[in-house]
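*Asks:* The chain contents come next:
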Amino acid sequence: MFKPPEFKQLIAETQNTSSSDVERALTAARPTIHDLAALISTAGEAYLPQMARRSTEITLARFGRTTQLYAPIYLSNYCTNRCVYCGFSADNLIKRKCLTIDEAEKEAMILHNRGFQHILLVSGEAESAVDVEYMEAIALRLRDKFAAISIEIQPMSEEHYHRLFLAGITAVAVYQETYDRKMYKEVHLSGKKSDFDYRLETPARGAKAGMREVGIGPLLGLSDWRAEGLAIGYHLDWLRKEFWQTAFTVSFPRMRPAAGEFEPLHIVSEKNLSQLIFALRIFDQDVGLLVSTREEARYRDGMLGLGPTRYSAGSCTAPGGYGSNNTDGEQFSVGDHRSLEEVSTMIRNKGFDPVCKDWDKEFQVKSL
Amino acid sequence: MLRIAGTEFSSRLFLGTGKFSSSDVMAKAIEASDCQMVTVALRRVDLTNPEDDIMSTLAKREYTFLPNTSGARDAKEAIRLAHLARAASGTSWLKLEVTPDPRTLLPDPVETLKATETLVKDGFIVLPYMNADPILALKLQDVGAAAVMPLGSPIGTNQGVLTDSMIEIIIDQAKVPVVVDAGIGAPSHAAYAMEMGADAVLVNTAISVAGDPVAMARAFAQAVEAGRTAYVAGMGQRNKQASASSPEKGNLSADLGFLE
Amino acid sequence: MNITLNGQPKMLNCIATLSELLEELALNPDTVVIELNTEIIQPDAYDTQTLNEADSLEIIQFVGGG
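Just so you know, the protein sequences line up as chains A, B and C, in that order.
Residue numbers for the first sequence follow the numbering used here, beginning at 1 and rising by one.
Residue numbers for the second sequence follow the numbering used here, beginning at 1 and rising by one.
Residue numbers for the third sequence follow the numbering used here, beginning at 1 and rising by one.
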């Protein structure tokens with residue numbers, strides 16, 4: 001199983017680098033984890049324009065002038081975990097809702113009619129509301145209407161992931177939130193999620209179950225972002241070696257200070273986030289890099305083609321939010337409020353092709 | 001230290017024992033190379049002209065013998081040879097070679113994969129000789145190969161590592177050691193493979209047919225060590241365009257003006 | 001008795017076991033491996049393993065190879 005280095009050691013690795021390490025990493029034909037450490041280090045900050053250029057070159061060469069688009073559907077905000085940073089935390093007095101299968105389909109069809117072909121089904125972590133049967137039923141209902149269905153729900157067993165794969169789910173995202181074991185304990189007060197190791201092993205279970213794509217990510221703002229980025233590099237490296245037939249993506253949810261929301265423990269600026277994205281692109285040329293609507297339109301527009309490969313668009317983070325325009329009980333407030341059409345237009349104006357569909361369910365094995 | 005199937009090797013040079021002018025020269029060359037793994041082949045005893053026994057010639061030092069299945073044209077023949085080799089050597093180490101084309105002696109990927117799967121189940125430590133195909137390397141690894149041995153160029157051609165871009169991918173992706181085999185005709189070729197990050201190289205013809213095989217064996221040992229040291233030290237990229245060795249900071253114009 | 005030895009026909013006189021055959025061929029049993037009708041014969045059975053009419057025998061040894 002994947003064992004990340006101690007967080008203290010990760011921090012040290014990102015500190016013991018010099019500008020010559022960064023320069024070497026920028027020209028390395030096959031960058032190593034040490035090159036990644038140099039690129040995300042403080043020494044790397046001075047090289048942000050060079051990193052942007054290298055990252056842009058690689059992204060263009062590997063992904064072309066395209067950007068994938070998807071939208072999340074929030075199925076449920078019930079959650080049995082108490083996580084200090086999350087709007088869905090069991091302690092929070094918010095309006096709880098779990099969509100019925102019909103309601104979920106209705107939400108999905110709204111997105112379908114808006115042109116989305118790739119959806120991400122999201123939920124809080126409560127087995128009583130969202131379990132494998134529920135997800136299976138939704139997947140079977142939606143599989144013929146969408147090109148790709150990803151999930152971001154509670155960690156599951158390999159067997160359950162495999163059932164969902166056969167039902168038409170193609171990708172699993174499970175974010176570790178933080179690779180800092182001590183901090184993890186402090187912010188995950190109770191619930192199944194408080195088990196650091198079980199969560200850490202989840203991406204491997206998804207890959208083993210046959211998922212086409214597995215997503216990992218840190219929640220930026222909980223601990224030292226440079227060390228988190230390096231941990232992602234280690235995790236990615238390990239996953240690639242173990243599961244060479246799986247595609248991997250990294251997301252970068254970033255907490256920002258906002259009224260009524262959890263105050264980030266570490267401030268991660270847009271510059272920091274960009275450095276992390278560029279560094280990971282240089283480190284791993286083929287990894288999918290996701291930037292969600294948490295980030296503002298200005299930032300997303302600017303980053304187009306520089307490293308990210310997939311954007312969400314037109315997102316609402318409350319269950320049933322597309323049908324009712326009701327944002328009560330949302331997980332976080334979005335920074336980019338534009339519709340799919342508006343985001344697509346922006347992408348086209350910048351000379352890129354907005355891609356809503358890059359896989360066809362018809363090709364997928366439906367049973368074994 | 002190189003580790004294959006739990007055995008550690010301080011030398012990253014493997015030697016083939018074919019084509020030497022005499023068993024005495026072979027023994028001295030192997031000695032001079034400091035190698036710890038030597039390959040041997042199985043043949044019918046020539047009853048009219050019995051050869052010296054190679055195992056007793058090499059028994060003076062502690063080598064790991066890596067019997068090969070040379071001559072096998074398909075998985076079935078290779079498996080038969082493997083069992084004979086195990087009976088004769090008493091070890092389970094095996095360099096799996098399946099070469100249906102007697103002209104090029106290029107390895108058969110389909111039969112090699114089949115034979116690897118069977119032999120691993122039979123308890124062999126299988127090091128398959130293969131073309132430099134990254135997907136094949138991963139599939140061989142998945143069925144339990146202890147290492148993979150991609151070719152640098154067709155055997156005996158001394159052309160060096162022509163398959164370098166594929167071998168590079170294999171090195172980056174494989175969890176098992178990568179031993180570059182075949183085509184290595186000069187110490188510089190061996191150093192190049194090691195600089196790329198190969199775990200070891202296997203050399204035979206370039207040493208056995210050299211003017212002075214003993215001196216050449218030493219040269220290869222030095223090259224392998226130099227290449228390995230360079231790899232560990234971290235090599236700079238070879239660039240198509242010239243670049244100043246002291247880059248001027250910040251003069252590149254990626255437009256990051258949008259950042260907060 | 002007629003057998004096939006390493007692909008060649010061979011006539012044996014007064015030879016009953018593998019040990020006797022190896023002695024006749026002046027081969028050290030420790031340096032060879034023997035396959036009798038495609039079965040590998042363990043060395044400790046050389047004394048007792050008898051040969052029969054039309055047996056096919058392979059006597060194999062290690063040689064130099066890459």
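Some hints here could point you the wrong way.
Said to hold, decoys possible - In silico DSBU-like pairs for lysine-lysine, Cα to Cα no more than 35 Å straight-line:
1) A/Lys241 with B/Lys19
2) B/Lys175 with B/Lys76
3) A/Lys145 with A/Lys8
4) B/Lys76 with A/Lys8
5) A/Lys208 with B/Lys28
6) B/Lys76 with C/Lys10
7) B/Lys175 with C/Lys10
8) A/Lys182 with A/Lys145
Stated by the list, open to error - Label-pair distances were calculated between CB atoms; the ranges are:
9) B/Glu8 with C/Ala45: 57 to 63 Å
10) B/Ser165 with C/Asp47: 30 to 36 Å
11) C/Glu20 with B/Glu77: 52 to 58 Å
12) B/Arg80 with C/Pro9: 35 to 41 Å
13) B/Val209 with C/Thr38: 20 to 26 Å
14) B/Val232 with C/Ala45: 35 to 41 Å
15) B/Pro102 with C/Ala45: 30 to 36 Å
16) A/Ala61 with B/Val232: 50 to 56 Å
Stated by the list, open to error - These stretches of chain B come out as covered by chain C in the derived footprint (C-beta under 8 Å, 3 or more residues):
17) 16-26
18) 108-122
19) 162-176
20) 191-197
21) 211-217
I should point out that these hints are in silico values taken from the structure, not numbers from a laboratory.
Quick reminder that beta carbons are idealized off the backbone N, C-alpha and C, glycines included.
*Asks:* None of the hints should be skipped; say for each whether it holds.
*Replies:* Hint-by-hint comparison with the structure:
1. A/Lys241 with B/Lys19: Roughly 38 Å separates the two Cα atoms, so the pair is violated.
2. B/Lys175 with B/Lys76: Answer holds: B/Lys175 to B/Lys76 is near 27 Å, not above 35 Å.
3. A/Lys145 with A/Lys8: violated, 47 Å
4. B/Lys76 with A/Lys8: Status violated; Cα separation ~54 Å.
5. A/Lys208 with B/Lys28: Since the Cα atoms of A/Lys208 and B/Lys28 sit roughly 50 Å apart, the hinted pair is violated (cutoff 35 Å).
6. B/Lys76 with C/Lys10: Judged against 35 Å, a Cα distance of about 27 Å means the pair holds.
7. B/Lys175 with C/Lys10: Violated, at roughly 51 Å.
8. A/Lys182 with A/Lys145: violated, 43 Å
9. B/Glu8 with C/Ala45: 57 to 63 Å: violated, 36 Å
10. B/Ser165 with C/Asp47: 30 to 36 Å: violated, 57 Å
11. C/Glu20 with B/Glu77: 52 to 58 Å: About 30 Å separates the Cβ atoms of C/Glu20 and B/Glu77, which means 52 to 58 Å is violated.
12. B/Arg80 with C/Pro9: 35 to 41 Å: violated, 22 Å
13. B/Val209 with C/Thr38: 20 to 26 Å: violated, 36 Å
14. B/Val232 with C/Ala45: 35 to 41 Å: violated, 50 Å
15. B/Pro102 with C/Ala45: 30 to 36 Å: holds, 35 Å
16. A/Ala61 with B/Val232: 50 to 56 Å: The hinted range 50 to 56 Å is violated for A/Ala61 and B/Val232, with Cβ atoms some 29 Å apart.
17. 16-26: holds (count 7)
18. 108-122: violated (count 0)
19. 162-176: As far as the segment 162-176 of chain B goes, the hint is violated, because 0 residues have Cβ atoms under 8 Å from chain C.
20. 191-197: violated (count 0)
21. 211-217: violated (count 0)
Hint check: violations occur at hints 1, 3, 4, 5, 7, 8, 9, 10, 11, 12, 13, 14, 16, 18, 19, 20 and 21; the rest are consistent with the structure.
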